[in-house]
Amino acid sequence: MRVVVPFIISAAILCFSIFLLVSIFIHLYQWSLYQEAREAQVKSVQENKLEVKAGSSILRLQYSYEIDGVIYQSDRLSIYSGSRDDFDRFRRRMHNSLKKAESVSCYYIEGEYDNAVLSRDYRWQTLLPNLLGFIVSLAIGCYGMYCAKYELEMARQRNKVSR
Numbered sequence: 072m073r074v075v076v077p078f079i080i081s082a083a084i085l086c087f088s089i090f091l092l093v094s095i096f097i098h099l100y101q102w103s104l105y106q107e108a109r110e111a112q113v114k115s116v117q118e119n120k121l122e123v124k125a126g127s128s129i130l131r132l133q134y135s136y137e138i139d140g141v142i143y144q145s146d147r148l149s150i151y152s153g154s155r156d157d158f159d160r161f162r163r164r165m166h167n168s169l170k171k172a173e174s175v176s177c178y179y180i181e182g183e184y185d186n187a188v189l190s191r192d193y194r195w196q197t198l199l200p201n202l203l204g205f206i207v208s209l210a211i212g213c214y215g216m217y218c219a220k221y222e223l224e225m226a227r228q229r230n231k232v233s234r
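Using the numbering used here, you'd call the opening residue of the sequence shown number 72 and step up by one each time.
None of these hints come from the bench; they were simulated from the model. Treat the hints with caution; some may be incorrect.
Simulated restraints on C-beta separations [stated by the list, open to error]:
#	residue 1	residue 2	range
1	Ile211	Gln117	43 to 49 Å
2	Leu99	Ile129	24 to 30 Å
3	Glu224	Phe96	23 to 29 Å
4	Ser103	Ser127	27 to 33 Å
5	Cys218	Asn119	52 to 58 Å
6	Leu99	Lys170	54 to 60 Å
7	Tyr214	Ser127	55 to 61 Å
8	Ser94	Gln144	26 to 32 Å
9	Arg109	Glu224	36 to 42 Å
10	Ile95	Leu223	29 to 35 Å
Glycine included, each C-beta is placed from N, C-alpha and C at the ideal position.
Please work from the sequences and hints to get the whole structure.
Set out below in structure tokens:
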């Protein structure tokens with residue numbers, strides 16, 4: 072019993088580190104896709120509303136663009152999902168630049184015309200917390216496994232001596 076609990080906790084921490092690693096690779100993959108994306112001019116911005124609640128902002132965004140004579144719409148601000156974005160400063164900056172800009176470009180992947188983004192830049196500050204979390208959880212999980220293995224070996228030796 073003394074070995075099972077640390078083993079389960081260590082396994083859970085290692086699973087979390089794997090989740091963080093997969094998250095890092097997914098973001099890097101999305102970023103790499105949009106680096107080769109095509110550019111289109113935004114025809115109109117239907118909604119560009121910045122709501123500030125409890126010190127955090129939400130950018131409600133809807134814009135349309137034309138590709139090969141067909142009008143598409145998107146609400147995606149960056150390579151992250153939807154018009155939500157993790158960084159308040161970035162949302163505020165994009166809101167202000169959309170209000171001032173004469174012409175705005177969006178970027179789309181061939182075949183995914185209704186999934187354009189306004190910013191295809193990868194902000195490396197999003198990678199740092201995930202990377203640090205991965206390293207720390209991997210270290211803690213491996214140390215926990217080592218301790219559980221050590222405790223198991225000690226229990227086996229105690230059982231041999233007691234026989």
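Self-check item: Violated hints - listed by number, lowest first
Solution: 3, 6, 7 and 9
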